[in-house]
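Asker: Chain residues, written in single-letter form:
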Amino acid sequence: MSEKQRSGVGGSPGIAIAPAYVLRRERLVIPEYRIEAQQVEAEVERLERAFRDTRSRLAKIREGLKDTGLVGDIFDAQFLFLEDPTLIENASRNVREGRLNAEWALQRELRRLEAVFESMTDPYIRERASDVGFVVRRVLHALMGREPEGLQNAPPGVIVVAEDLSPGEFAQVKRGQISGVVTEGGSRTSHVTIMARSLEIPAVVGTEGGWVRGLADGTMLVIDGRSGAVLIDPDEERVAEYTKRRADHQTLDRQLLRYVPLPAETRDGVAMSMLANVDQIEEIPDALRYGAEGIGLYRTEFLFLNRTDLPDEEEQLDSYRRVVEAIAPYSAVIRTLDLGGEKMPTGLSLSEEPNPALGLRGVRMSSARPELFRTQLRALLRAADCGHVKVLLPMVSTLAEVKFARRSFEEIRSEVTGAGHIGAQKVEFGIMIETPAAAVIADLIAPHADFLSIGTNDLIQYTLAVDRSNEQVAYLYEPLHPANLRMIQRICQAARRAGIVSGMCGEMAGEPLHCWILLALGVGELSMAPFAIPLLKKLFRESNASEARSLLSDVLHLGSADEIRAHVERTMAGRFPVEFERILGTG
Amino acid sequence: MNRIETEVEICNELGLHLRAAAAFAKLAERFDSEITLERGSMSANGKSVIALVTLAAAKGMRVRVVAEGDDAEAAVGALVELIANRFGEEQ
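Listed in order, the protein sequences are those of chains Z and E. If you read the first sequence in my numbering, its first letter stands for residue 715, the second for the next number, and so on. If you read the second sequence in my numbering, its first letter stands for residue 287, the second for the next number, and so on.
The shape of chain Z in the complex, shown without the other chains (with noise of 0.2 Å):
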C-alpha cells in the first residue's frame, strides 16, 4: 500500500470524490495581555477587521449552501449575531478602557454575556448562550489566524475528516450537505455509520492510525464506502477510475428504481413488509421515494439532544405528528426515549457510567423517570389523530419492565381517549427485542405486546459480548453467528404463537446478503436504511420462500459464522450472480 492511501472500514455505500475538510477540536488557548495608549486604535481595527473576515468567510459558505430550510436557518442566527452592536461595542471598549488585546477584550465579553444568559429561567435563552459562543469562537480564531472548526461549517460538497463525530455532531449534518465522511474510530455498525448510511453519504471509518491531524484542508480525497478504500491526492488515472466507477453504480442504481413502487413478495407468495429507519423528518419524502412501506423505527433521542432543557409534551406531539403524517397512509414506528449508551444527553443531568451500554437507557430510564416516560407516552396517543402510530418500547429485560410500560400506556390511553384524543384508540404498543435476556422469555413477553421487533446491533453485540465499536474486536461482531441465528428464531415463534408479528430493525435488516435466511427465519418486517430498499424488493420478488426455507435449513446445523457465510455467499451469489457480484466483488 502507498504512502497515500489508508483502508478502513466501508461505512455507507458510494464513492466520493471531493476535497477534505478536517474537523479539528484543538482547544483555543486565547493570548492576554495589556496594550500601550497608541496600539488602541490598531487593536480595535484588528477587531473590526476579524468581524469583518468571520462574516464574509460565513456569507460564502451560505452563498454555496443549496439548502436553505434548517441549515439556512443557523447560519442566518449566526449572521445576526456578528453584526449585533452589542458584542463589537462591549468588545471594543474592553479594548479602549482596559488596554486589552482584541482576543481578550472579545473572550471577556462573551464570559459576561454567558453570565447574563445562564441567569436566566428561560431555558430557550439560556441556550442561546451557546450559540454566540460558537460565533464568538469563529472571530477568535480569525483574529489568531485559525482555521474555524465544527462540522455545521463544513462548506458544501466536501469529505469530513474527523478523528471521531458524535452523534449530535453528525445530527448537524443536513442530506446533500457533504459529499462523504472518513474516520479514524468507528466500524461497520457505530453510529457514524448508521447515520451516514440514513443520509445516504458514501462513509469509510476505522481508518486508524493517527493521520488526520497532518492532513490539510482542501486535499484531494477518494473514498469508496464499500470497499473501505481512502486515496489521499490521487493522480488523475486514478479519479477517472474512480469517476467511472461512480457513474456505474448510479447506472444500477437507476435500474433498480423500477422495484420502488412494487411489493416485496416472493414467487411463491409469502411477502415482506419493507419499511425505513429515519431519524429526522426531512428524510421521510426520500423514504417514500425508494418505496419504504411505513417507518420501521424512528427514534426520539434526536428531539433531547444538543439542548439544555427537556422538550415538553406540546413540542413532542408537534414533531411526532409531522412524521405521522409525512408517512401517512402508512405507519411509524416511533421508539420511546432510548438515552444512555454512546449518546449522552445535555438536557438529563445523569451521573458517569463506566458501561453506558449495560447502564441506565431505554425503558430502564423511562422507570427511572416515569413522569419523562408519561409525557412522551401523551405525546405519542396524542398523535394518533392525525395518522397511524406503532409505540416501541427499548432496551427491555425483565417481563416486570413491559408490564410496567404496557400498564403506564394503557392508563394513558384512556386518559388520552377520555379527553376527546381517539386516535389513541388503534395505536400498537410494541416491545423491541435487543437484550439476550428478552429474546429468550420472547414467548413470555410476546402475549403482553401487539408486535415484536428484533434490535439487531444490540442484540448481536449483547449475544456475542462483542463491543461493535472497539476495533480490536469488531471482527468478532458476526450477524450470521449460529448463536444469533438461533435467538432470532426463538423470538419469531414466539411472535408466531403470540398471532403478531416480528419485525426487524437493525443493520441486519438492509443487508441484502441476508435477505433469504431472514424471510426464512420467519421475520414479517425489515426496516433499514432507505436506499437499500429496491434492491431488497427486487431479491424477494425473484426469489421463492422454498428456496430461502432449503438455504436454512442448509445452514442451521453448521457451527460456525465463517461456515455459514460462506454458504450463504456461495448460494446467494450463484442465484443473483449480478447483484452480489456488486456487493461481494470488491472484496
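Derived by calculation from the structure, the hints in this document are not laboratory data. Be careful, since some hints might not be right.
[As the list claims (entries may be wrong)] Below, simulated SDA-like cross-link-like pairs (lysine to any residue); rule was C-alpha separation at most 25 Å, straight line: (1) E:LYS345 - Z:GLU1029; (2) Z:LYS718 - Z:TYR956; (3) E:LYS312 - Z:ARG763; (4) E:LYS312 - Z:SER806; (5) Z:LYS718 - Z:GLY871; (6) Z:LYS1252 - Z:ARG960.
[Unchecked claim] If you want the ones that stay clear, here's a sample from chain Z, every Cβ over 10 Å from chain E, calculated: (7) SER770; (8) GLU979; (9) ALA1179.
All values reported here derive from a predicted model rather than from experimental measurement. We treat Cβ as the ideally placed atom computed from N, Cα and C, and that holds for glycine.
Chain Z is already provided as a structure; the job is to place chain E on it using the hints.
Answerer: For chain E alone, coordinates are given in the frame of chain Z:
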C-alpha cells in the same frame, strides 16, 4: 432632542425570543434615533438582538419602547405596532 416613550404588552406566544428580537432590531435599525427597550429596571439597545434577548421579555410582560432622535416618534410608532402585531408571528 426629541424623546418619545410608550409602554406596551408583549402578546406573542414565545415572547421576545430570537426571531422576534431579530425582527425588532431589524426595524429599529431603519431609524436614526437611539432606541432602547426597557423592562422594569433593565434596558437593552434596541438595535442589538443579543441585548434584546437578554431582557427575557415573556408573553404578558410590559415593556417600554424609548427612542431619542429626530425620527423618535416614527420609530416608537413602528416598533409598538410590531410588538402589538406579535412580531408578524401567527399566534
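Asker: A separate judgement is required for each hint: does it hold in the structure or not?
Answerer: Results of checking the hints against the structure:
1. E:LYS345 - Z:GLU1029: Holds, at about 18 Å.
2. Z:LYS718 - Z:TYR956: holds (16 Å)
3. E:LYS312 - Z:ARG763: holds (23 Å)
4. E:LYS312 - Z:SER806: The hint holds at about 22 Å.
5. Z:LYS718 - Z:GLY871: holds (22 Å)
6. Z:LYS1252 - Z:ARG960: Roughly 21 Å separates the two Cα atoms, so the pair holds.
7. SER770: holds (20 Å)
8. GLU979: The claim holds: Z:GLU979 sits with its nearest Cβ about 46 Å from chain E, beyond 10 Å.
9. ALA1179: Consistent with the label, Z:ALA1179 stays out of reach of chain E, its closest Cβ about 48 Å off (over 10 Å).
Violated hints are absent here; each numbered hint is respected by the structure.
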